[in-house]
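**Student:** Residues per chain, in single letters:
There are 2 protein chains.
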Amino acid sequence: MSNNSIEHIAWREGKLHLLDQRLLPHKIAFKVCESHRDVVTAIKEMYVRGAPAIGISAAFGIVLAAGEALSKSFSSGKTRELLKTASSDLEGSRPTAVNLKWATSKAKSWLSDNIEASTEEIYTGLEMLARDIFADDISNNRKIGFNGLKLVPQNAAILTHCNAGALATGGYGTALGVIRAAVEEGKKVSVFVDETRPLLQGARITAFELIEEGIPATLITDNSAGYIMSAGKVDLIVVGADRIAANGDAANKIGTYSLAVLAKYHGIPFYVAAPLSTIDLSISSGAEVVIEERSENEITFIGGNSIAPEGIKALNYAFDITPAELITAIITENGVIEKPDKVKIADIFTKGDTFLEKHTD
Amino acid sequence: MSNNSIEHIAWREGKLHLLDQRLLPHKIAFKVCESHRDVVTAIKEMYVRGAPAIGISAAFGIVLAAGEALSKSFSSGKTRELLKTASSDLEGSRPTAVNLKWATSKAKSWLSDNIEASTEEIYTGLEMLARDIFADDISNNRKIGFNGLKLVPQNAAILTHCNAGALATGGYGTALGVIRAAVEEGKKVSVFVDETRPLLQGARITAFELIEEGIPATLITDNSAGYIMSAGKVDLIVVGADRIAANGDAANKIGTYSLAVLAKYHGIPFYVAAPLSTIDLSISSGAEVVIEERSENEITFIGGNSIAPEGIKALNYAFDITPAELITAIITENGVIEKPDKVKIADIFTKGDTFLEKHTD
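Residue numbers (the numbering used here), protein chains in the order written: chain A, 1 to 361; chain B, 1 to 361.
In case anyone wonders, no lab produced these hints; they're calculated from the structure. Check each hint, because a few of them may be wrong.
For identical chains, the list gives no copy identity; a pair is met inside one copy or between any two copies.
[Unchecked claim] Capping the alpha-carbon separation at 30 Å, the derived lysine-lysine pairs in DSBU-like fashion look like this:
id : residue 1 : residue 2
1  : 150       : 313
2  : 339       : 264
3  : 188       : 313
4  : 44        : 233
5  : 339       : 233
6  : 342       : 150
7  : 342       : 264
8  : 233       : 342
9  : 187       : 101
Working from the sequences, and respecting the hints, build out all of it.
**Tutor:** Structure below.
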């Protein structure tokens, strides 16, 4: 089974090719980023989305800035200045997912560790780092899938929200990685796909991935998930995350919190699948996460057509916070954290394999 | 304050003029129904929607059938046969709202009470009946508004779902009637409007009504209601109903159930505003309500544009059931039923005013 038939993130001849996910599922087109500024735009305008995918894109954004320095024959010092600006621009492109900062902090660490490097060496070093981050993300998602598949019963009906699939990550996916791994293990599953207003990542992207994989999927409106749970049609819920606080509170696409409350009410397990790079130990709880508020037009227009009367206000939170107490378990590449709390989350980092020893701060 | 600046249901020169609500808010166009079959189409295809509004339309649909009989010089017996067919067609046009059957049963009662009537007398009698049903609905909604306004605190932030406004009824509205009445009483309120996928009645119709009235309104995606509740931004929820069982379980637009669970979790009062014509004493609980399943295309297409990959299945329940235990109170024209149950619901019918003595079976 392929983990992703479209090369949605590709680094070719010093340029970053990003699938324009805004156009899915009906059009496959790419944005070619030639500078870190192009990457900032691609992240802000959501050509690329999904916490791990924007982390990977940011890592290559830094490389593009190093490339600019190289082409302009910048001194090592001036290069480091440009990289500082590029990092800050990339970190600021979207506020909620921690993966942007995680990626730029990896670059900063490399720069600190290689204080004597020439501009050329910086370029080469950061390019290797970005390629590693990309490859490791896919590898971690396969581990997440493997760790999560034991939570998926035979013939499970699984509900997911937004897209935490191959296209939200380097490949394979987090929440969809768990589903893919269960299917690869020979389990029969079916998936309810929340459409995920306003940008319809479920309808457009998750549905697209599941159809590609031949996994039985049914699209539903976000507001029908509760009723479908009450009818006994959902065995478990699995979603991704954009940032997880030290106590286990998880920021994820708007609508996740409602699902978690509904899952609790109906006694349905609610799982968050995310790599350790999504866990932000610097914040003690979800209250510290900045929730991005996006344009009202994302709600009042669909496909360029107005769906609401002129003059109506709209409130467009892109994410919400699900408190740890509503999360049955967090599925990471290092294992499953049941009933997540501060201690268990800190512990999971110590269960590192060689990948973790190399990459986790 | 107007209760509705558009005459969305109008009986003129023996024809029923229905606003085509599918085109709101950007186009104001009418369907002129010349036969009961036109009314069946208008209800099925949702030119007209909202339980009370389709009840009124059905009442006039019967009149159109009587008009057809009159124009064809049918005998009284043949007229009664045609009316039987017309009733059955109208009742079958949508399965969930009880108001269709309620309206046709009024016509049937009139026919039983006037067994000697000529075709001309039948036409005149049923036309008067339909006009009464229409006028009484508006009058009842004003009573619902009056009864409900005491539940609305000063400066309340109110969440509503779908459209239970003037356009869903004869006029003034049920859930929006409560909001209108509170505003008429001088209360300051603001309204969160759930957009209500798939057909966006909140974004298209409720937002339209509230803007017309100058009531502060904010459009939100259905999936953000829970998070907005958790942020303490919602003081109460009020929705309409399509059918209420004898025990207080309420069928209403898909998504209502999720809101009720979320309201319970956050300790927010959850009110259902509906006329007694919506209460179906013939069914003991919500389990007996037939939930309409509509076309997958309503989910996979928005404004004629596909939003999902070819071949994806979709599940489109039009309604869901909210159990009585999640309803803080039902607001009717006869009073407020707090913690609704079988006994209190039976009792409310005995608190009839002259309208009720005249019209309630």
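**Student:** All the hints need checking, so say for each whether the structure fits it.
**Tutor:** Structure-based check of all given hints:
1. Proximity of residue 150 and residue 313 under a CA criterion of 30 Å is satisfied inter-copy only: 27 Å between copies versus 45 Å inside one chain copy.
2. In this assembly of identical chains, residue 339 and residue 264 lie within 30 Å of each other by CA distance both inside one copy and across copies; the values are 13 Å within and 23 Å between.
3. Within a single copy, residue 188 and residue 313 get their C-alpha atoms only as close as 44 Å, which misses the 30 Å cut-off; across copies the closest is 17 Å, which meets it.
4. In this assembly of identical chains, the alpha carbons of residue 44 and residue 233 lie at most 30 Å apart only when taken from different copies (28 Å versus 37 Å within one copy).
5. For the homomeric pair residue 339 and residue 233, the shortest alpha-carbon distances inside one copy (24 Å) and between copies (28 Å) are both at most 30 Å.
6. In this assembly of identical chains, the alpha carbons of residue 342 and residue 150 lie at most 30 Å apart only when taken from the same copy (24 Å versus 45 Å across copies).
7. In this homomeric assembly, residue 342 and residue 264 come within 30 Å of each other (Cα to Cα) both inside a single copy, at 21 Å, and across copies, at 28 Å.
8. With identical chains, the CA atoms of residue 233 and residue 342 are at most 30 Å apart between copies only, with a shortest distance of 29 Å across copies and 33 Å within one.
9. For the identical chains of this complex, residue 187 and residue 101 are neighbours neither inside a copy (37 Å) nor across copies (47 Å), given an alpha-carbon limit of 30 Å.
Violation of the numbered hints given earlier is confined to hint 9; every other hint is satisfied by the structure.
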